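Residue-level listing of the chains:
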Amino acid sequence: MGRQIVHRLLVSFPALLGVLFLCFCLLQVVPSDPAMIIAGPDAKAETIAAIRLELGLDRPIPIQFADYIGRVLRGDLGRSIISNRMVSEELALTIGPTVELMLGAMLIAVPLGLALGTLAAVKRGTLLDRLIMAISVAGVSMPVFFIGLILIQYVGFKWALLPFTGRTGPIWDGGLPSLILPAATLGLVLIGPIARLTRTAVLEVLGADFVRTARAKGLRETVVIVHHALRNALIPVVTLIGLQAAFLLGGAVVTETMFSWPGVGRLAVGAIVSSDFPTAQGAIMILAIAFLTINLLVDVLYVYLDPRLQRP
Amino acid sequence: MSVETLNAAVHAEESGALGRSGALRRLARDKVAVAAALLLTSIALAAVFAPVVAPYDPYLTDLTNVMQPPTAEHWFGTDNTGRDILSRVIYGTRNTLMLGLVGVVIGGALGGVLGIWAAYYPRADGWIMRLVDVMLAFPAILIGLAVAAVAGAGLTAVVIALVVATVPDVARVARGAAVGVMGQEFMEAGRAVGVSDRTLIWRYLTLNCISTIFVFLTLRFGQIILIGSALGFLGMGAQPPTAELGMMAAQGRDFLFMAPHIATIPSCAIFVIVLAANLLGDALRDVLDPRLQQ
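Taken in sequence, the protein lines are chains A and B. Using my numbering, you'd call the opening residue of the first sequence number 1 and step up by one each time. Using my numbering, you'd call the opening residue of the second sequence number 1 and step up by one each time.
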């Protein structure tokens, strides 16, 4: 168990440094020299030089980078150029809605994907199986925004069933209706790959000796499928969900932008469009860290599901 | 055995999976695969010959004729500035396909070389695979956002993101295939008769891995197109008035309730392209390289 997680941490660390470096570069390319902005348009060269010295802009890049890491560790990500608020405050406000959206999407995608995949495997070769597989191939090929456009157009606008812009509040405070459409958009694209892999995994397990034993000792078919087959088929499926984390994150950025969902993805896109570099670097960093964390969690879950890995 | 005979033997092996007798015939029997291949070919042809095929100038605005639903003159209708959507979809497909292709080709080449080096030079293996692990830790959309933030939104940002999204997986697949080829006798024979490292890598190893890499890239192509168009949708890719399918969908979003076809037709075009690519990729894999199934 420990080894897996240590390996993941070892891999994550250089990745994290890479992310930090990219974000640091983002601050370096600010088109105008910060010292000149602070000094004002009529400042003398000496004043600008003095400010550069004060800000540490004259020092070598590696030292500035180390400085930057120090500031990030202290939670100081700079100030937004547009709203003039601290970037860390902006992130604190947006991270909750993003997590909410992703969890909502998983709550829709995982049970549905598992159910459809298992059903297809049990009814292998029938029309139902082919139908489910056709739907899942179509789902894999669907751009996230296409599903979003259709849901907004019909469920949101024509039938006026659910709200489709913004977030009315936390789930416990009447925010559930506004979460449904964004979460469904993001969840629907994930059902296809999950169903597909579940089908393969369940088919494989159904041929295993222990399933035959379970049937031979007279267990009901439902118990065999759910407790014996599905539980073991979950292992590859969890890996897949880890691999889909990148997809989930990318999809969240698109979904948030479409539904004006006040999350980190929308914050990042807005900041890039309006050249708000401090906010953009903070948001991108948080998204990258979220991605690494999801992968770490998947590794832990993996060990929990497959007790064989717990032995040293 | 002389070097010439050996080279000839390797060439026989080279034709590999793609030339394996019956593979194409089996593919031709799969009706879905044939339909997907035909569809994809005609889409690609229309994209290549866009100036000939497109009925109108994709940039010609006509303010007396805006947001028209599909008619006999404009099969896909017109957009908010009266441009012909069919012509824009054809040009947009051209740009979208081009992005995907450039991403897959550059990413495939880089990933392939990395994977084959890792298999050929055991000492580099650990380092290369660790680099690949690190690259895998970046979601493609984030790379696109970061590059767009640093260098400005544009096609370059999207291409870089697509390359980074392709390299690590290809490197893993190529390494797996190359490790298999390394164990074959002709590699040892080649080394024994003094074939140079370069020839061994390029002629013996690479040519024998290429069909596996090719099948894998076909499988990935659809996903790459989806990532590219998502970046276009977010405004990180092609800038107006250039036609690119993802960006066209994003622009049409503002008129969704008045004229839904402006956004849905480009989205639908992406869906059809990716679906055809995925179906063809699945069929190719089943016929040529069932090992890639996981």
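The hints are simulated quantities; they were obtained by calculation from the structure and are not laboratory data. Worth double-checking, as some hints may not be accurate.
Stated by the list, open to error - Below are the SDA-like pairs computed for lysine to any residue, each with C-alpha atoms no more than 25 Å apart in a straight line:
| id | chain 1 | residue 1 | chain 2 | residue 2 |
| --- | --- | --- | --- | --- |
| 1 | A | 123 | B | 286 |
| 2 | A | 158 | B | 260 |
| 3 | A | 123 | A | 219 |
| 4 | A | 158 | B | 253 |
Just so you know, these numbers come straight off a predicted model, no measurement behind them.
Hints not upheld, ascending by number: Every hint satisfied by this model.
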